[in-house]
Structure formats: C-alpha cells, structure tokens
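Keeping the supplied structure of chain A fixed, place chain B upon it in accordance with the hints.
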Amino acid sequence: MTSDAVACTGLAYTFGGTRAVDGLDLTVAEGEVFGLLGPNGAGKTTAIRCITTLLPVPAGMVRVFGHDTAGDRMAVRRLLGYVPQQLSADQGLTGRENVALFARVFDVPRRERAARVGQALAAVDLTDAADRLAGTYSGGMVRRLELAQALVSAPRLLILDEPTIGLDPIARTGVWEHINAVRAATGMTVLVTTHYMDEADQYCDRVGLMHHGRVRALGTPAELRRGLAARRGTTTLPTLEDVFREVAGSGLDDESGDFRDVRSTRRTAGRVG
Amino acid sequence: MSEAPAVPQAASADGIGLLLKAPRPRAGWRLLPARVAAMCAVELQKLRHDRTELYTRAVQPALWLLIFGQTFTRIKAIPTSGIPYIDYLAPGIIAQSAMFIAIFYGIQIIWERDAGILNKLLVTPTPRSALITGKAFAAGVKSLVQAVVVVLIAAVLGVALTWNPLKLLGVAAVVVLGSAFFSCLSMTIAGIVLSRDRLMGFGQAITMPLFFGSNALYPLSVMPGWLQAVSKVNPLSYQVDALRGLLLGTPAHLALDFVVLLAAAALGIAAASSLLGRLAR
Numbered sequence: 005m006t007s008d009a010v011a012c013t014g015l016a017y018t019f020g021g022t023r024a025v026d027g028l029d030l031t032v033a034e035g036e037v038f039g040l041l042g043p044n045g046a047g048k049t050t051a052i053r054c055i056t057t058l059l060p061v062p063a064g065m066v067r068v069f070g071h072d073t074a075g076d077r078m079a080v081r082r083l084l085g086y087v088p089q090q091l092s093a094d095q096g097l098t099g100r101e102n103v104a105l106f107a108r109v110f111d112v113p114r115r116e117r118a119a120r121v122g123q124a125l126a127a128v129d130l131t132d133a134a135d136r137l138a139g140t141y142s143g144g145m146v147r148r149l150e151l152a153q154a155l156v157s158a159p160r161l162l163i164l165d166e167p168t169i170g171l172d173p174i175a176r177t178g179v180w181e182h183i184n185a186v187r188a189a190t191g192m193t194v195l196v197t198t199h200y201m202d203e204a205d206q207y208c209d210r211v212g213l214m215h216h217g218r219v220r221a222l223g224t225p226a227e228l229r230r231g232l233a234a235r236r237g238t239t240t241l242p243t244l245e246d247v248f249r250e251v252a253g254s255g256l257d258d259e260s261g262d263f264r265d266v267r268s269t270r271r272t273a274g275r276v277g
Numbered sequence: 677m678s679e680a681p682a683v684p685q686a687a688s689a690d691g692i693g694l695l696l697k698a699p700r701p702r703a704g705w706r707l708l709p710a711r712v713a714a715m716c717a718v719e720l721q722k723l724r725h726d727r728t729e730l731y732t733r734a735v736q737p738a739l740w741l742l743i744f745g746q747t748f749t750r751i752k753a754i755p756t757s758g759i760p761y762i763d764y765l766a767p768g769i770i771a772q773s774a775m776f777i778a779i780f781y782g783i784q785i786i787w788e789r790d791a792g793i794l795n796k797l798l799v800t801p802t803p804r805s806a807l808i809t810g811k812a813f814a815a816g817v818k819s820l821v822q823a824v825v826v827v828l829i830a831a832v833l834g835v836a837l838t839w840n841p842l843k844l845l846g847v848a849a850v851v852v853l854g855s856a857f858f859s860c861l862s863m864t865i866a867g868i869v870l871s872r873d874r875l876m877g878f879g880q881a882i883t884m885p886l887f888f889g890s891n892a893l894y895p896l897s898v899m900p901g902w903l904q905a906v907s908k909v910n911p912l913s914y915q916v917d918a919l920r921g922l923l924l925g926t927p928a929h930l931a932l933d934f935v936v937l938l939a940a941a942a943l944g945i946a947a948a949s950s951l952l953g954r955l956a957r
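So the sequences go chain by chain: A and B.
Take the position in the first sequence, starting the count at 1, then add 4; the result is the number in this note's numbering.
Take the position in the second sequence, starting the count at 1, then add 676; the result is the number in this note's numbering.
Same shape as in the complex, but just chain A (with noise of 0.2 angstroms):
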C-alpha cells in the first residue's frame, strides 16, 4: 500500500490568542508538486513547521509518509529536506562545507560524504563555486545551496518555504529548473509555499488556495482556472490570481499578514539584495 507523502486531518494551530492554521486538510500525493498558496499571513508557513515537526501538534493530525508526526518526529525528519523561508546557508562557510554539514547530521558515512556532498552540488550547478563562502553567493546561488543542503539526504519529501521571495526574475526561473530537474531524475515529492501564483501555475501539479489559516479552494492551476472561467461564464480564461482573489475575497490588502511577517520577508528580500 502507497501513503501519501503528507496528510493533514483538522490540522489547528494558535498563537496566543490568533488561530494561525484552523482546521486545515490536506493531502499531498507522492511524487507530485503541491504549491500551498496565499498571502502573508495565511497560515502556509505555520503549516509547513507542523509538518516539519517544528511545531508540536496532537496525534492524528499530521501523517509524513504513514508516520506521525506527533509521536515518530525522528522518523519524519528522516524523510525530509527542509528549505527555510530565510536565507539560511551559513555565510562564514564555503558551499560545500554548508552541505557536508547537513551530510553529517544526516549520518552519511565519512567513506562516501565527499563524493554524496559532490554530487548534491553538481545537480544544482554549484561545482565551481563549492569552495567560496556562502557569503560571497549571489541570491540565487544560495537558494540552490540550500537546495543541495536539503538534497544530500536523499529526502522522499523536499519542503521549500518561498523558496524564491525576493529573488529577480531571471533567479526565480533558474531556482525552479533546478526544482524540477532534481525532481524528475530523483522521484520525490515536493510542497513549497508561495505568494507567486504565476509561478504555482506554471510549477506545480496541483494547488492549494489557503486563506485565514484553512485551504480555501485545492485542485491543478488548469482546473481551478477553469472552474471560475465556467461560475463566470467567460470563454477567456481567467489566472490563478483571479481565482484567489474570488476564493478569499475582499480585504486582502488589509490582512496580508502581520508586522513580523512582513518583516521576515524583507529581511530576507534584503539579503538576498
């Protein structure tokens, strides 16, 4: 019997007194991209820590791969590559000691870490520069650093958190290339959030709309697209943007999340420069 790489069953969770994620299911298929979509403040990133086990959270709720993530935390992590919201390569060393560390705390064997962390940079394009400091890497290089960090375990399940907030375009595309080229030659399943909803359409297999902490519309860009096209009555069809604006409706300008988030994504918007 297959499982699905994640499942969410009334998955809640609180912050003091704001529901940052109420009720939330969902379930991610192995091997396909799940984009979990909205704004700042919509309860994607709450998400992604409970299922990464950063955040407790009662039996049942979160399942990675059959395993709970209540009571079987090492086992779940064990399956996972997690790519941070942040710029989280450490910048005081070189690329490839940024990824031999995640080789170790992953318990790849001394005889084959060099070889695995080699490799880990070749599938992202960093051999040539796997010796600078992290800290001399363009936005984009380190994104795809980080991508190599999370690959070196040979993850079932690769987690991306705005892997390409406050990258350019050009940056943007490249960061997905290396996504799917990694994805098709390894298999795993991806889910990454994003606030880029061209991106979601052009990237992933299926969607999940989320707003005020629940996932207000789930299915692939193409159908969601064509669901709102047909409550419309128009033969133009419309963008996934538009079909979020119609599932989380008005107000979003007002709610577009708090000022730590707001600042978390400029942080990280500036050091990526």
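Just so you know, these hints were derived from the structure itself, not from any lab.
Using N, Cα and C, we set each Cβ at its ideal position, and we do this for glycine too.
You may find that some hints are simply not true.
Said to hold, decoys possible - Restraint ranges, calculated between C-beta atoms of paired labels, are given here:
1. Leu-943(B) with Asn-184(A): 47 to 53 angstroms
2. Arg-874(B) with Ala-63(A): 42 to 48 angstroms
3. Ala-703(B) with Gly-231(A): 47 to 53 angstroms
4. Pro-113(A) with Ala-734(B): 34 to 40 angstroms
Relative to chain A, chain B alone:
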C-alpha cells in the same frame, strides 16, 4: 543582480546516484558524538576562514595580564601563597576569556534562529539535547583556541606554567567543560528572552558578577562572607581552581572541580534543550 539561469543539466539520474539512497541512520550512543563532532567541525571551519575574532578577543586578556597582573605583582596586595601575582592571575584570565566567549553564545543561536539555520538543524534527525550538546562543545572548542592564545601570552610574560602534556590535556578538558556550561547558560537565557538585545543586556549583567564573584582575581580567603558564598556556587571558581592546580601545581580540589563542572554542564544542557523549542516557535 542575478546570475544567468543555469540550465540544470547535472541533475540526471546517473549524475546523482548517491542522492537516490538515504543514508543509514546512526543509532544509539553513536549519535551524540557524531553530532558533537559535526558542530565542532563547523566552529573550526569558521575560525579557519575568519580569525579576526580570535585576534580581537586576545586583546582583553593580554591587557589584564600586562596591566593588572604586572601592577598587582609589584603592589603585592593580594596574598597568593608565595607565587607571583601574574602567575596566580593567568589561570583566572584563561577562564575569564573562555567564559566571555561562551556567555554570548546564545546570541549566535538567536542569530541562527533569525537566519533560519536553527530551524533547518531542528528538522534533521538530531534530538534537541544532541544539538545543544554539540553547540556547547563547539563553544568549548572556540574557547579552547582562545585559551591557547592566552596561555602563549602568559608564557611570553614569564608565567611559570606547566608544559606537562597530561596536565595540559586536563586544562583543555576544564576549559571545554566550563565553556559548555556557560554557553548553555547563555542558550538557556536565549530560550527565555528570545531576542538578541535582551540577551546582550543579560550577558552584560551576569558576566562581571560571575567574574568578580569567583576566585579568578583573588583567593576566597580575602572575600567577605557573602561573596565567599557566591563564589562557592559559581562554576567559574571550580574552573579556576582546577586550572591553577593543573597549570601552576598549586593545591587544588581537582576531583571536586571536575564533578562540579561536569554536573553544571549536564544541567546546562538539560535546561537549554528544554527551552530550545521556544526559540523554534
């Protein structure tokens, strides 16, 4: 500015063969030393790339030994059981410089949290206690490198230190254990206050009381009663006592010193590990 989009040709199945198979998990007792070694290696790699901190941090202990040590050696105001004051002071300054490095280690973990590095490490198959132990010993390695610099400065100033390799090994163990405790104290405070600015304030507030409330500068016998009580519960005093015994051959309570430092480090690791989740949120 962005680099041109690289065409990802390398990610073909034959070029990433090793990346298709997950490594076998390390189990049981072998996990902890592996994580500690990984964290220590990172610390050494960073020091290799940028030694600025090593040099700048050497200034303060050098000044303590040069100015305070030499002046008080001439004044002879502090009873040191017959040894020159600068000799008496040197182990205290080694402990102090190691503590100063470790006590601000919590700032690094907050920075790592803000940069996403901590979250990424917490999503690896590394128990929180192993991560904190790794960080604590990494702080110890950093302090050890600093201690070597201070020992060399002391030797240049004519301090009669031992060069017995076994005793020096003991010195290294004492420095690492003491730093492990103080870095855990710092990471524990980081887990409570959650921000760099607040931690800086706490660090400043506790560093000097820990230093002056120990036997680093003067023996217990010259302290008022209340300060003696403080000194007896201050792990820095046990660290200095052990360093004096090992480096100078003065009477010391080595067994007690090691037990206290080990217990303090274990307690610190437990406390910091239990609060690490707060940082991740």
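Hint by hint, here is what the structure shows:
1. In this structure, Leu-943(B) and Asn-184(A) meet the distance hint of 47 to 53 angstroms, their C-beta atoms being roughly 49 angstroms apart.
2. In this structure the supplied range 42 to 48 angstroms is violated for Arg-874(B) paired with Ala-63(A), their Cβ-Cβ distance being about 35 angstroms.
3. Taking 47 to 53 angstroms as the suggested C-beta distance range, the pair Ala-703(B) and Gly-231(A) conforms, at roughly 49 angstroms.
4. The given range of 34 to 40 angstroms is respected by Pro-113(A) and Ala-734(B), whose C-beta atoms sit roughly 38 angstroms from each other.
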